[in-house]
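Mind docking chain H on chain G? Use the hints.
Residue numbers (this note's numbering), protein chains in the order written: chain G, 1053 to 1300; chain H, 3 to 199.
One thing to keep in mind: the hints can contain errors.
Facing chain G, a subset of chain H residues (Cβ under 7 angstroms, in silico) [unchecked claim]: (1) A16; (2) P19; (3) G119; (4) T147; (5) V148; (6) A151; (7) S152; (8) H155; (9) D185; (10) D186; (11) G187; (12) G190; (13) K194.
The following residues of chain G were derived to be distant from chain H, with all beta-carbon distances above 10 angstroms [what the hints assert, rightly or not]: (14) M1053; (15) F1081; (16) E1158; (17) L1168; (18) R1173; (19) A1193; (20) L1195; (21) R1235; (22) G1269.
Computed cross-link-like contacts, SDA-like style, restricted to lysine to any residue with a CA-CA straight-line distance of at most 25 angstroms [claimed, not checked]: (23) H/K194 - G/R1094; (24) H/K194 - G/P1178; (25) G/K1096 - H/V118; (26) G/K1233 - G/T1202; (27) G/K1096 - H/G117; (28) H/K194 - G/V1126; (29) H/K194 - H/L161.
Hints listed in this document are in silico derivations from the structure and should not be mistaken for laboratory results. None of these values were measured; they are calculated from a predicted model. Note that the Cβ used here is the ideal one computed from N, Cα and C, for glycine as well.
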Amino acid sequence: MEWEAPAIVLDARPYGEGDALATVLTEEFGAHRGLARGGASRSKAGIWQPGNLLEVRWVARLSDQLGSFTAELVHPGAALAMDDALALSVLSSACAVAEGALTEREPHPLVFAGLLALITRLPVGPAVLADLVRWEMALLAELGYGLDLTQCVLSGETDGLIWVSPRTGRAVSDAAAGPWKERLLPLPAFLRPGANDAVADAAQWAQGLAMTGHFLGRDAFGTQHRPLPAARDRLVARVNGLADHAGH
Amino acid sequence: MNSPEIDRLIGLLAKLPGFGPRSARRAVLRLLQHPQTRMLPLAAALSEAAAAVAPCSLCGNLDSRDPCAICNDPARDRTLVCVVEGVGDLWALERAGVHRGLYHVLGGTLSALGGVGPDDLNVRPLLTRVVEEPVAEVILALGATVEGASTAHWLAERLQPSGVAVTRVGHGVPIGGALDVLDDGTLGAALKARRPA
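Pulled out of the complex, with its shape left as it was, chain G reads as follows (with noise of 0.2 angstroms):
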């Protein structure tokens, strides 16, 4: 058994002296783990950082053994994050999220390239926070837990929609939400209809990365008995700041 596909590295952990234990995304066989042979040495540790951009070659003599990786670098999208304490952030997050929340060897062509626009769009700074709610959205609508934020889920109304229910995933305008106003998600600026990210700020990614949050705590990783991952904590914790920051 074997394929070759570029695909994007989610994880890498030592195993043994010289190797590593590689998750990687590909677009057509999904999340894929294998032994990336001298993965975790001095020469190729470069490569299996999470972020990078492959042409990964999988071996296996048969196909459901863990098999092993061979690899060349297309995109060092891990290197060109370091020095920003940001885009880092979000590559961690991203990377830790698609790990931990994607079923191994199910296809996801969406997410990964997704993931694929986001790691490319890092370098133009906190905007691809925008992004990366986006993408965050479309990996719960391939799980199956797709959000609804069209029209109202109460009134069917297309316009005031600010709220998002937390239990649904569905648009809640303000004249529909009524007394339930402190139970509701805010539904950022930027997702809703006719918006545009140029208006977003960061109280707007804060509000997006806390309602894509809940529902990838209880839909994707809640139904695992795993939290979030603690890179994505801290993510959360960079926006919040930054949002506590432009409100002073």
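Frame of chain G, contents of chain H only:
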């Protein structure tokens, strides 16, 4: 085939870095063939080191004295603290003889998937040190990995309120390295870290 004592010795040695079952067998054979000159001195040295060596209460270095020889050295620049991931990194910097200040061993890096969080690292003593001691600069000498860089950013933010200068070791072209054999990531980092010639 071997006696249980020999098998146990081979098994223990084979778990050490650099050893496998074959090399452990060869090492054990050599020890057994020279018990007086190799084995007993080694056993005594292991026993003494196990009893005497412990992490330094100030920096986390391994030494038989506490504080360690580096922390006790009056010739060291006490305004300069170099933060490293492990004792192996400290030894590498000492071998190179390029740092004349003090050290602080973190004991790892933040790792979401490895389950290493801020509380698992030797961070609190560092934050105390920079406030209570005359530290002017903290050098973050952590690995050029996603986990190393994430830890460096996180630590830089924690150190910021103390007012000390926080610097990082450079990433880029190694001494003796030709550009055409470097990977794209290292080249990118080298160009980003360019400085006036």
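Each hint tested on the structure:
1. Annotation: H/A16 was flagged as interfacial toward chain G, and the flag is violated, the nearest CB pair being 12 angstroms apart, outside 7 angstroms.
2. The beta carbon of H/P19 is positioned within 7 angstroms of a beta carbon in chain G (closest approach about 6 angstroms), and the interface hint is therefore held.
3. A distance limit of 7 angstroms between C-beta atoms decides the matter here; for H/G119 the minimum to chain G is near 6 angstroms, and the interface restraint holds.
4. The restraint placing H/T147 at the interface with chain G holds, with a minimum CB-CB distance near 6 angstroms, inside the 7 angstroms limit.
5. A cut of 7 angstroms between beta carbons decides the hint on H/V148: the least distance to chain G is about 5 angstroms, and the hint holds.
6. Satisfaction of the interface hint for H/A151 is found here, the shortest Cβ-Cβ separation to chain G being roughly 4 angstroms, below the 7 angstroms cut-off.
7. The beta carbon of H/S152 comes within 6 angstroms of a beta carbon in chain G, closer than 7 angstroms, and the hint placing it at the interface holds.
8. Among the interface hints, the one on H/H155 holds; its C-beta lies about 4 angstroms from the nearest C-beta in chain G, closer than the 7 angstroms criterion.
9. Taking 7 angstroms as the C-beta cut-off, the interface hint given for H/D185 holds, the closest approach to chain G being about 6 angstroms.
10. For the restraint placing H/D186 at the interface with chain G, the shortest Cβ-Cβ distance is roughly 5 angstroms, inside the 7 angstroms limit, so the hint holds.
11. For the restraint placing H/G187 at the interface with chain G, the shortest Cβ-Cβ distance is roughly 3 angstroms, inside the 7 angstroms limit, so the hint holds.
12. Contact between H/G190 and chain G, as hinted, is supported at the beta carbon level, the nearest pair being about 5 angstroms apart and thus within 7 angstroms.
13. The interface hint given for H/K194 is met, as the beta carbon of that residue sits about 6 angstroms from the closest beta carbon of chain G, less than 7 angstroms.
14. Annotated as non-interface, G/M1053 keeps its C-beta farther than 10 angstroms from every C-beta of chain H; the closest such distance is 26 angstroms.
15. Listed as outside the interface, G/F1081 is consistent with that label: its C-beta sits roughly 20 angstroms from the nearest C-beta of chain H, beyond the 10 angstroms cut-off.
16. No Cβ of chain H approaches the Cβ of G/E1158 within 10 angstroms, the least distance being about 19 angstroms, so the stated non-interface status holds.
17. The non-interface label for G/L1168 is consistent with chain H: the shortest C-beta to C-beta separation is roughly 16 angstroms, beyond 10 angstroms.
18. In this structure G/R1173 is separated from chain H by more than 10 angstroms, as the shortest Cβ-Cβ distance comes to about 16 angstroms.
19. The Cβ of G/A1193 lies farther than 10 angstroms from every Cβ of chain H, with a closest approach of about 24 angstroms, so its non-interface assignment holds.
20. At roughly 19 angstroms from the closest C-beta of chain H, the C-beta of G/L1195 stays outside 10 angstroms, upholding its exclusion from the interface.
21. The claim that G/R1235 lies off the interface holds: its Cβ sits roughly 30 angstroms from the closest Cβ of chain H, which is beyond the 10 angstroms cut-off.
22. Listed as a non-interface residue, G/G1269 keeps its Cβ farther than 10 angstroms from every Cβ of chain H; the least gap is roughly 15 angstroms.
23. Distance check on the hinted pair: H/K194 and G/R1094 sit about 22 angstroms apart at the alpha-carbon level, within 25 angstroms; holds.
24. Distance hint between H/K194 and G/P1178 is fulfilled; the C-alpha atoms sit about 19 angstroms from each other, no more than 25 angstroms.
25. Pair hint G/K1096 plus H/V118 holds up; C-alpha atoms about 23 angstroms apart against a cutoff of 25 angstroms.
26. A hinted pair counts as satisfied when its Cα atoms are at most 25 angstroms apart, and G/K1233 with G/T1202 qualifies at roughly 18 angstroms.
27. Our distance criterion of 25 angstroms between C-alpha atoms is met by G/K1096 and H/G117, whose separation comes to about 23 angstroms.
28. As the CA atoms of H/K194 and G/V1126 are separated by approximately 19 angstroms, the hinted pair is consistent with the 25 angstroms bound.
29. Our distance criterion of 25 angstroms between C-alpha atoms is met by H/K194 and H/L161, whose separation comes to about 24 angstroms.
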